[in-house]
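Visitor: So you can see what is in the structure, the chains are spelled out below.
Protein chains: 4
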Amino acid sequence: MNTYQHEVKYYECDRMGITHHSNYVRFMEEARVDWLDQLGCGFDKIEAENVFSPVVSVSCEYKSPTTFKDIIDIEVKISKMSEMKFEFDYTMRSNDKLVCLGHSVHCFIENGRPVAISKRLPELYNSLTALLSK
Amino acid sequence: MNTYQHEVKYYECDRMGITHHSNYVRFMEEARVDWLDQLGCGFDKIEAENVFSPVVSVSCEYKSPTTFKDIIDIEVKISKMSEMKFEFDYTMRSNDKLVCLGHSVHCFIENGRPVAISKRLPELYNSLTALLSK
Amino acid sequence: MNTYQHEVKYYECDRMGITHHSNYVRFMEEARVDWLDQLGCGFDKIEAENVFSPVVSVSCEYKSPTTFKDIIDIEVKISKMSEMKFEFDYTMRSNDKLVCLGHSVHCFIENGRPVAISKRLPELYNSLTALLSK
Amino acid sequence: MNTYQHEVKYYECDRMGITHHSNYVRFMEEARVDWLDQLGCGFDKIEAENVFSPVVSVSCEYKSPTTFKDIIDIEVKISKMSEMKFEFDYTMRSNDKLVCLGHSVHCFIENGRPVAISKRLPELYNSLTALLSK
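Residue numbers (the numbering used here), protein chains in the order written: chain S, 458 to 591; chain C, 458 to 591; chain W, 458 to 591; chain L, 458 to 591.
Pulled out of the complex, with its shape left as it was, chain S reads as follows (with noise of 0.2 angstroms):
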């Protein structure tokens, strides 16, 4: 799998001149679009099934800031699966330093309520189960 990368955009810089933290969960997000659509299973074909796909939690260390042209190259990785829930790690680089880690956690639902994702989903439950297993 490839890693994303995003380029900091001057309307994503705070008063500090910084990235503003809360950006980087943004970021996250585009990563694990790219990386779905990478594995064949996107959120736009999970979506078309009419299953969407909550965030559970999200949490970001924030380890070195970026700024304004910074290119942040972000590696997805799956890190735990179940029956109804899988978790994502994240770890962002920038100039050759690591910037910040990132973990959110995911489930799927269907008209209001959870499903399963090995039986509702089965393709992206195997492709993701080969991916964890490795």
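One or more of the hints may lead you astray.
A pair counts as met if it fits within one copy or between any two copies, since identical chains are not told apart.
[Said to hold, decoys possible] Cut-off 27 angstroms, straight-line C-alpha distance, at most; resulting in silico cross-link-like pairs (DSSO-like, lysine-lysine):
hint, residue 1, residue 2
1, K526, K591
2, K534, K591
3, K466, K534
4, K576, K554
5, K502, K520
Derived from the structure by calculation, the hints contain no laboratory data. Since the model is a prediction, treat every value here as computed from it, not as a measurement.
Using the hints provided, position chains C, W and L relative to the given structure of chain S.
Guide: Same frame as chain S, now just chains C, W and L:
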């Protein structure tokens, strides 16, 4: 009609230390939402009818910068109206200074097609017409 | 200390029709700004001393979605403190439901280097310590 | 000059399922940054001279909606120029459709006061003038 107040957030300020210009378009939406609520014809009521109101055009003239914690006072006025479209003017002031003049044009759509406001949302149409003639 | 209220804006909701999860990190900042203001040690006072307070880490557990016009009530509590860092817990409720639990860790820097809060901002340090012991 | 491409992010779409209209103002900034980079007169170079370029006015005419994963192709053209101001036109297309026409006006300031571009940034002034006369 009361003016709407927006207090500038830390994350709305950019590297220049001032409110990023794109945010005024969002403040205009906030003020418009509040204005329609005061009129008794809120976005939620309109969307409950399965009618959506996309923005046809928007413009801002920036007169003076604002920054973190500034309170922007936004006056909304309906400036023009037809069967298919309505237009708003926005006057934004902060600390006794004019900060931004805004303008927006809106239509209504249902199932992806434009609808005549007078027929589909007569209550809103009448309220807006009454205000316009003042 | 009063709780902070954020009313969800139209532009804060996503394709799923709910408040995008990244925005809760911004709501936490808004609540923290208000909390420090109530304490008499606002961001603007701290930044006027040329001291900045970057976020060391942040996390959110999403318990229940919110949407356009929901009012989120945010309770901030200082949960831990040392010479160099302080930590906040956030409890967000809306319509009598728990919607999100947040946590953030902060340090202070001056000219790019960490500073001891007790020495550089003794007034803030004493206020925070007093609240922590309650 | 190459056109600039922006791929619409999940978090840029609103409750209507389409790109929120305020984001086009941000896409225009992204395209302008890229355009000035191609010209060899990037924002970072200008800001390194302690000169900032605030937006004087901005406008958007929305022609067709876009959504998640759409790639918006943005063509930037300098449309007008004087000693103190310059103006850009933006043509945004996606999937062979015109999606938005934008316009923005800019000045330059140093220490809070407007500066003549021809004197303060002659290299940029000459490059822009050359493009305008084409």
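Visitor: Each of the hints needs a verdict: does it hold here or not?
Guide: To see whether the hints hold, each was checked on the structure:
no.	hint	in the structure
1	K526 with K591	neither (34 angstroms within a copy, 30 angstroms between copies)
2	K534 with K591	within (11 angstroms within a copy, 42 angstroms between copies)
3	K466 with K534	both (25 angstroms within a copy, 20 angstroms between copies)
4	K576 with K554	neither (41 angstroms within a copy, 30 angstroms between copies)
5	K502 with K520	between (34 angstroms within a copy, 26 angstroms between copies)
Comparing the model with each numbered hint stated earlier shows that hints 1 and 4 do not hold.
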